Each structure stands twice: as structure tokens, then as C-alpha cells.
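Could you put together the complete structure from these sequences and hints?
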Amino acid sequence: MSRLAILTFCAGLLIAGTATAKPGDAAKGKEIYDKRCTWCHGADGDGAGAAKELLNPPPRDFTSGNYKIKSSSFEDMVPNDDDIYRMIRDGMPGTAMPGWSDILKEQDMWNLVAYVKTFAGYDEPPAAQVDFGKQVASSGESIAKGRKLYEEGDRCVECHGKSGKGSASKRLKGDAGERTWPRNLTKPWTFIGSSEPKDIFARLSTGIAGTEMPSFADPRSKKKLSIEERWHVANYVASLAKTGRKVDAENTVIKADKVEGDLPGAPDDARWEKSTPTTFYLVPQLIAEERYFKPSNDTITVRALYNDKAVAMLLEWDDRTRSVPGDEAAEKLADAPIAEDGVAVQLPVTIPKGMEKPYFGMGDAKHPVNIWHWQSGAKDATESMGLANSRGFREIEKRDAVVAGLKANASYSDGTWKVLITRPLTTSSPDKDIQFAEGKFIPVAFAAWDGSNNSEKGSKHTMTTWYWLLLKPATGTRPLVAALMVMGLLAGGLLWWARSAKPAA
Amino acid sequence: MTMTQKRRIPRLLQFALVVFGVYFGFILVFDVLLGQLIPRSLLTMYMVFVVSGALMTFTFTEEGAQELVAPIKALVEDPSRRRLRNAVFVMVPLLAGYYTYTSMLPGYEAPVELRTIHPAPPSKFKAYGKSYNLATLENPYRKYQKQDPAKYRELVKAGGDVYIKNCQYCHGDKLDGKGPYAAGLNPTPINFQDVGTIAQLQESFLFWRIATGGPGLPAEAAPWISSMPVWEHFLTEKETWEVILFLYDYTGRQPRSWK
Numbered sequence: 001m002s003r004l005a006i007l008t009f010c011a012g013l014l015i016a017g018t019a020t021a022k023p024g025d026a027a028k029g030k031e032i033y034d035k036r037c038t039w040c041h042g043a044d045g046d047g048a049g050a051a052k053e054l055l056n057p058p059p060r061d062f063t064s065g066n067y068k069i070k071s072s073s074f075e076d077m078v079p080n081d082d083d084i085y086r087m088i089r090d091g092m093p094g095t096a097m098p099g100w101s102d103i104l105k106e107q108d109m110w111n112l113v114a115y116v117k118t119f120a121g122y123d124e125p126p127a128a129q130v131d132f133g134k135q136v137a138s139s140g141e142s143i144a145k146g147r148k149l150y151e152e153g154d155r156c157v158e159c160h161g162k163s164g165k166g167s168a169s170k171r172l173k174g175d176a177g178e179r180t181w182p183r184n185l186t187k188p189w190t191f192i193g194s195s196e197p198k199d200i201f202a203r204l205s206t207g208i209a210g211t212e213m214p215s216f217a218d219p220r221s222k223k224k225l226s227i228e229e230r231w232h233v234a235n236y237v238a239s240l241a242k243t244g245r246k247v248d249a250e251n252t253v254i255k256a257d258k259v260e261g262d263l264p265g266a267p268d269d270a271r272w273e274k275s276t277p278t279t280f281y282l283v284p285q286l287i288a289e290e291r292y293f294k295p296s297n298d299t300i301t302v303r304a305l306y307n308d309k310a311v312a313m314l315l316e317w318d319d320r321t322r323s324v325p326g327d328e329a330a331e332k333l334a335d336a337p338i339a340e341d342g343v344a345v346q347l348p349v350t351i352p353k354g355m356e357k358p359y360f361g362m363g364d365a366k367h368p369v370n371i372w373h374w375q376s377g378a379k380d381a382t383e384s385m386g387l388a389n390s391r392g393f394r395e396i397e398k399r400d401a402v403v404a405g406l407k408a409n410a411s412y413s414d415g416t417w418k419v420l421i422t423r424p425l426t427t428s429s430p431d432k433d434i435q436f437a438e439g440k441f442i443p444v445a446f447a448a449w450d451g452s453n454n455s456e457k458g459s460k461h462t463m464t465t466w467y468w469l470l471l472k473p474a475t476g477t478r479p480l481v482a483a484l485m486v487m488g489l490l491a492g493g494l495l496w497w498a499r500s501a502k503p504a505a
Numbered sequence: 506m507t508m509t510q511k512r513r514i515p516r517l518l519q520f521a522l523v524v525f526g527v528y529f530g531f532i533l534v535f536d537v538l539l540g541q542l543i544p545r546s547l548l549t550m551y552m553v554f555v556v557s558g559a560l561m562t563f564t565f566t567e568e569g570a571q572e573l574v575a576p577i578k579a580l581v582e583d584p585s586r587r588r589l590r591n592a593v594f595v596m597v598p599l600l601a602g603y604y605t606y607t608s609m610l611p612g613y614e615a616p617v618e619l620r621t622i623h624p625a626p627p628s629k630f631k632a633y634g635k636s637y638n639l640a641t642l643e644n645p646y647r648k649y650q651k652q653d654p655a656k657y658r659e660l661v662k663a664g665g666d667v668y669i670k671n672c673q674y675c676h677g678d679k680l681d682g683k684g685p686y687a688a689g690l691n692p693t694p695i696n697f698q699d700v701g702t703i704a705q706l707q708e709s710f711l712f713w714r715i716a717t718g719g720p721g722l723p724a725e726a727a728p729w730i731s732s733m734p735v736w737e738h739f740l741t742e743k744e745t746w747e748v749i750l751f752l753y754d755y756t757g758r759q760p761r762s763w764k
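So the protein lines, in turn, are chains A and B.
The opening residue of the first sequence carries number 1 in my numbering; numbering runs sequentially from there.
The opening residue of the second sequence carries number 506 in my numbering; numbering runs sequentially from there.
In short, the hints are calculated from the structure, not lab data.
Be aware that a few hints might be false.
Claimed, not checked - Sample of chain A residues at the chain B side, in silico, Cβ under 10 Å:
1) Glu53
2) Leu54
3) Pro93
4) Gly94
5) Val283
6) Ala288
7) Pro295
8) Phe360
9) Gly439
10) Pro473
11) Ala482
12) Met485
13) Leu494
As the list claims (entries may be wrong) - Some chain B residues judged to face chain A by a derived CB distance under 8 Å, without partners named:
14) Glu582
15) Pro598
16) Tyr606
17) Leu610
18) Tyr613
19) Ala615
20) Lys670
21) Tyr674
22) Pro734
What the hints assert, rightly or not - Every beta carbon over 10 Å from chain A, so not counted as near; a handful from chain B, in silico:
23) Thr549
24) Phe565
25) Leu573
26) Gln650
27) Pro654
28) Gln707
All of these numbers come straight from a predicted model, not from anything done at the bench.
Ideal Cβ placement from N, Cα and C applies to all residues, glycine included.
Structure, rendered in C-alpha cells:
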């Protein structure tokens, strides 16, 4: 048993540990590069592939010599071969850069490392490495120290915001001129260089080349941190993870519990804590009209409750900026022209009986959808709740949200929007509005706009495909009664059988 | 003869082994190997077939049937097994009650949506303002593969650029169906590396699918949930044929042809 454990442990180490550098053959690397990598990184390694303008972050310009994820000292731009190898093998989450280990052999990837380095003329290994000192294990105490250092003098808050969601107070740019958004530290699964404390320590020590994320090991920095302090901050960052907000691909149903009495009227009502959250990916609108390629919103979390009169949906998503057109501070942070933030819920006008649903992109000629569209407002205009019926992208009929009984109540705080939308279960125009019914699986889809990012507006937004909303019917006593009946019948039958069986001779 | 009889696994146990074996087989193949949770309702349906099938085989002959029920009969009739019998008689109703209770609780599992991935194409379709006949439609640029390899490489390169600008978000830059946004889409984008996709299809089929997208699908393929865009709105006819050349070239597959 213990031998087996040791064996598996060793195998685990082999898989998880960083690979040891192997000499690569740049000429062989070029062959693979020309087939697989030129599309994005360009034949000359300058990042000028065909999709350069459509991707953010853009494909790396290898001639710049910038490597974001490295374990060599901040003083030396040259990364270790292991660092490059690791990015090629595992890819970079949240970017167009995929991991290649499933189609390339290990030696191929080492050959690529050798070739990619030639673009910046890197032929010597780095002169100095990150000094990891002695790792400080995570503990309540270390996390508290890390938090203090994180907030002190706005050290990290300036960019990552107090809650770590990246609600910046500064407009940031990358070396290639691209807009960069500080990472949302509550979503460590979006880190491009892993969220292990050791990796976070390395990022704090080296900074992220080609972006404004600085090195905190640099003695010239006013915000400099000692080795021990960096471990505390790394432990604090690792503790910020909100794993409850991660997408669970199996969970495609928003389950609305029935409540007695009034529904919560505010997004921060404590009763929401008890309802079940469901999180979905938001993907950019790539299918019609003006398409959208550089999103900033990545997920939306939905909760729902209902009573015998109305249904309430709480939509929650991280958005680094509160986009207020007309407000000077907001406009300074935003890509011009700034637009309102917003969110929309899409529901079929008629709950489908069979499989057939409206087209997920705003319905179709035969199957209209309701669209509830909330917008955050401008400096001189309050937030608004809109209602439209549509049969596809082009056939949109604006309707009166007040008549349909739609109400919204929103809050924005430190990088998170929460919008509560309520509507009566039924309305006076059943041919135009969805009539909610208990126990039915109702298709539902969402869209979101970040008006500060890339001028999201109109068809430029993020969205989901169809998921389900279920108003959970109360359980009632039927299952219990049925179970008792089955038990009674079965027990009776067995007894009768035992009685009537003649004992074996 | 008696020796082998003695050694044989009791028939009741055989029966149980077969049923459980098949059950775990399903779970292994679907959940573990294919990584696709088998819906409960579907599993229940399959298991009903399996149990009734097994019952029929096991009770095919009179002796077979008797052998199957013998241990059960013995349990009830043999006084020396009274204790075991009492235990079983308490357990069985309890289990049945529990099962009834849980299965009567309202279910929150999403309805299963079955769709045909490669439906039969129409014989004719409209795109780019004209009508195409799928039976005779061919890639007008395929011939350069043999006639003019240099020109062919150029066309493939142009197709690759079309792909990276338009398709990789969903189908992935490795053409494996795992683009950056694939996880947010259901049904998931097609994996072109898979032998079951483009290698089984004619180029005309791909042209139809790309030009008309999700909304161009017939009802059995659930066009309302497919996020595949209608590319006649964004790409020229030539670009569509070029991207098709690229799909085959990158994956090293050949289009299916009837010749």
C-alpha cells in the first residue's frame, strides 16, 4: 500500500513539476512553427498574424523579448527555457494561446522553445533567478499580514481594487498598445501562470513583462516587498479565490425556490444567500450583425426566487468599471466612446412543449422572445428597465416594461454589479409575455454589456446560449405518502408469502 | 458432472452479476471514457431492457427458471434461515420505500436534448443569392492541389487566415473544437480533428453547413441551439471554399468523394 502511494506520488511529481530543459533544435522548431504558430505570431515572430487586431491580449511579438511568465530575475528579460516550455505546453487561460501538449510531442515543444527564442536573439540563459528564499506556509496570520501589505499605500489596490476584482483606478496599457485589464484575483482560474502561491510569488517578484504589473522585488520600487513579505502577499492573493463563482458545466438549471410572503426587494437582501447560485460563461457575440471580439465580462451568476405572485432574478457579474457616460472620472478609465453597462434576460414568449425552442439569438420568425434589458444610466439619466419582443436580430418591437410589471433594482460595489429584476408570474397580455409556471423547464439566456471596454453597445456584447430556469414546485406530501404505501404493500405481501409457504421437508 | 455443477456460480448470482456488470459498463463507457454523463432517464430505460432481457434468457428453460428462484424459495421456506429471512423482509420494503420517495421528488435535472449531428443535407439550398445543387457542387479550387501546388498553398494560407480571424474562437486554433469560448456553447463546436467529422463529409456538405450555419439545419439537428454562424453574411464564396481547403490541409484529412 505505502509503496503504491509513493509510486503514485512520484508519478504525480513528474506530471506536475516543471519539466527539465532539454536542448531543442531551432531548425526543426521552425517547421512546426510555420505550420502551427504563424497564424497568430506571424511568420517573422512579430505577432502580426491575421487576427492581431481581433485578439486581446494580442499574440505575442517575440521580437520584443517580453515573456510574461518567467522564473528568472526581474533584472534579466531572458526567461528560462522551462518557462517558455511550460506556456507552450499548458497554454495561457483567458487568451487565444492554447496548450499544445495534446498534439505536439515533448521534443517538438523543446524545438519550438529553441526557435521562438531566436526572434529576440536570446542565446544565453538568464544571469539570475528569482530568489524564493524560504516559503512561508499559508496561515491566518500570514494572510492577515499579506492583506495589510496588499492595501498599504495602495500597493496592489491601485490596480486590482480592494476586493481584488481588478476595479482599477487607472487606465492601463500593454507594450503593444493594447488595453490591459488588471487580473481579477478572485478568479484564480483565469491566471495565465497558475495560482499556486509559488507562482504568484514569482509574478510578484518579476512583474509581468510588457504590462504595467510591476516587480515588487525591484529595490528601486517604492512599493518594494521583502521575500518574506511577498510570501504573505502571495498567500493573501491565493485566499481571495471565490470558487463558488466558478462555472460548473453540469449545472445548467437555475433553481428558483418558492418563498412565503414577500420576495426580496433589494440585491443585498440576506435571503439571497440561501438561494442556489448558478454561474454561466459569457461569450462574445460572434454570430450576427456587428460581431464582437474583445470581451471583458466572462461569467454571470444567477439566483432566482418566486412566490405566488412574482418571480425575482438576481443577476451578478464582475465588471471592473462602472460606466457612466458624461461622468469625467468614468470616461477617463473607459475606451471612448463610453456607453452604459447593461444586462439582459431572454425568455421565450411561449414556454416550449417539445424540444423546439426559439433561435437562441433573439428568437426567430415563428418563435418570438421577450427581452428584458436593464441599462445602468448616464450622469444625467437614471438607470432604465426596457422590454422588447423580438423575432430575430432585425425584427424588434419595443414595449412598455411598466405595463408588463417589470421592475429592477441595482447596486454596484467594488467591481461587481448586482441587478435584481422582478416580474409578476402572469401578465395581462399572455400572447406577448411569458406566463411563468411552476415545475416547467423554461429556456433562459443572458447578455451583458461593459460600456467601458471597447465601447460595448448594441450588438457588441457578451452572451450565453440557452440554459434553464425552473420554478421549483413545493415538494408536498405525495412522495412520502407514496413511499409509505409501497412499503406497506410490500411488507404485507412478504408476510403473506412467508406465512403461506410450507416449510421445506 | 457433479464436480462442475458444484463449482458453478449460482444462477441467481450470475443474474445479478450480469445486470450490475452492464450497469457499471454503461457508467464506465459514458462517464469515464467518453467524459459524458449519461442522463439518468436514459440509463433507467436501458436498464429496464437489460433486466428484462436477462430475465428472459435466464428463465428460458424450466430448470433454468427453477434454479434462478431456488435460493429465494429456500430463504422463505427453510426454517434454519429465519434470521436472514427476517432481515431481508425488513430491508426490501425499506429500500423500495426509499426508492419511491426519492424518485417521486420533483427532478431538477435538465431535460435531455437529442440532436442529429450530421443530418441528411437538402438536395438544393440557397446562399449568396443563388441556388446550389448539393449533388453536383464541387470545390472549384480543389483541382489546384494537383495542377498547381504553389497556387494551392496560397489558397490554403488564405483559408488559414479566414479561419484564425473567424473560426478559432469556437473551433479552436488546433481545430479540436476547444476554442477559447467553446466551453460556453452547447452544442459544442465540432472537432475537425476527429475522424468522425470532416473526413466523413464531402466538401459540398461543408459548404452548405458553413454558408447557412446553425439556422440552415433541418429540425432534427435542433437549429435553434446551434451557435454556428451563417457565414454567407461575413465571408465571400471564395473565402468559404478556401477555409474548407484549410480545414482538410491542417488536419491532414481528405474530403469524402463518390468518385
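Hints breached by this structure: The structure breaks none of the hints.
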